[in-house]
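**Student:** Residues per chain are reported as follows:
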Amino acid sequence: MIKVNYFARLREITGKGEETLDRDSMTVAELLDWAETSYPGFGADNVQVAVNEEYALKDDVIESGDVCAFIPPVSGG
Amino acid sequence: MAMKQYEIVETPIEVQKYMDYVLHPSAGAVTVFTGNVREWTHGVKTLYLSYEAYVPMAEKKMAEIGAEMEAKWPGVRVAIAHRIGELQISDIAVVIAVSSPHRKAAYEANEYAIDRIKEVVPIWKKEIWEDGEEWIGAQKKYPAKGVEQA
Chain A
67 MIKVNYFARL REITGKGEET LDRDSMTVAE LLDWAETSYP GFGADNVQVA
117 VNEEYALKDD VIESGDVCAF IPPVSGG
Chain B
4 MAMKQYEIVE TPIEVQKYMD YVLHPSAGAV TVFTGNVREW THGVKTLYLS
54 YEAYVPMAEK KMAEIGAEME AKWPGVRVAI AHRIGELQIS DIAVVIAVSS
104 PHRKAAYEAN EYAIDRIKEV VPIWKKEIWE DGEEWIGAQK KYPAKGVEQA
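Quick mapping for you: the protein sequence lines, in order, are chains A and B. Under this note's numbering, think of the first position of the first sequence as 67, with each following residue one higher. Under this note's numbering, think of the first position of the second sequence as 4, with each following residue one higher.
Rather than coming from a laboratory, the hints here were simulated on the basis of the structure. Treat the hints with care, as some may be off.
Stated by the list, open to error - Here are the simulated DMTMM-like pairs of lysine to aspartate or glutamate, each with C-alpha atoms no more than 20 angstroms apart in a straight line:
1) B/48 to B/136
2) B/63 to A/132
3) A/69 to A/132
4) B/63 to B/13
5) B/63 to A/120
6) A/82 to B/55
7) A/69 to A/102
8) B/7 to B/71
9) B/129 to B/42
10) B/63 to B/73
11) B/7 to B/17
12) B/121 to A/120
13) B/129 to B/89
14) B/129 to A/78
15) B/63 to A/119
16) A/124 to A/96
17) B/121 to A/119
18) A/124 to B/122
19) B/7 to A/119
20) A/69 to A/84
21) B/7 to B/23
22) A/82 to B/137
All of these numbers come straight from a predicted model, not from anything done at the bench.
When you get a sec, could you build the whole thing from the sequences and use the hints?
**Tutor:** As structure tokens, then:
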């Protein structure tokens, strides 16, 4: 099981703050592709993924038990 | 007053707490930056802002920025807070307090902090106008090597 969190624009598009995927393992690229397919307008090209609160690269592997977050462009300050 | 050195808060920011935190006998300078809600942006009137954050990661990233500052400007002491929720015009969204033995490092490190916050800390701002609203954020392609490290 992989937990994913949604924020800001992505929370509004998906209509949820988090969900759990029934997967043992997937890459960051695969997770982004899944989101793009599942949620029209997701805009995965402009979204980064954090795994366990650290920015991840597209080739990084996500394992069951990891907590992921989709990070749209930030705008703090 | 309870506070953390790097924190996301949901209530009005009390600047003095963060100044007091960084002040110590060897500090000859304290710079305090506050980012405030601006009414007009590129000719569009903002009614209010709504901020949200991935709180645990945001606090971790702010602490990393503090560590970067301590490495670049030895002797600085740093405290950073960012507020989330609904903020009205002129409210303080972010405070950065930096102390150092001499003023130059305190000025430079403080500006570095706000630049890095805008790059890497997972906080999002929504502008609410009279006729609409929008999540703000520079549109960037996914970087090949992840977020640029300092």
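**Student:** Give a verdict on every hint.
**Tutor:** Okay, the hints, checked on the actual structure:
no., hint, result
1, B/48 to B/136, "11 angstroms, holds"
2, B/63 to A/132, "17 angstroms, holds"
3, A/69 to A/132, "7 angstroms, holds"
4, B/63 to B/13, "17 angstroms, holds"
5, B/63 to A/120, "9 angstroms, holds"
6, A/82 to B/55, "14 angstroms, holds"
7, A/69 to A/102, "17 angstroms, holds"
8, B/7 to B/71, "18 angstroms, holds"
9, B/129 to B/42, "13 angstroms, holds"
10, B/63 to B/73, "15 angstroms, holds"
11, B/7 to B/17, "13 angstroms, holds"
12, B/121 to A/120, "16 angstroms, holds"
13, B/129 to B/89, "9 angstroms, holds"
14, B/129 to A/78, "12 angstroms, holds"
15, B/63 to A/119, "8 angstroms, holds"
16, A/124 to A/96, "8 angstroms, holds"
17, B/121 to A/119, "17 angstroms, holds"
18, A/124 to B/122, "19 angstroms, holds"
19, B/7 to A/119, "19 angstroms, holds"
20, A/69 to A/84, "7 angstroms, holds"
21, B/7 to B/23, "12 angstroms, holds"
22, A/82 to B/137, "18 angstroms, holds"
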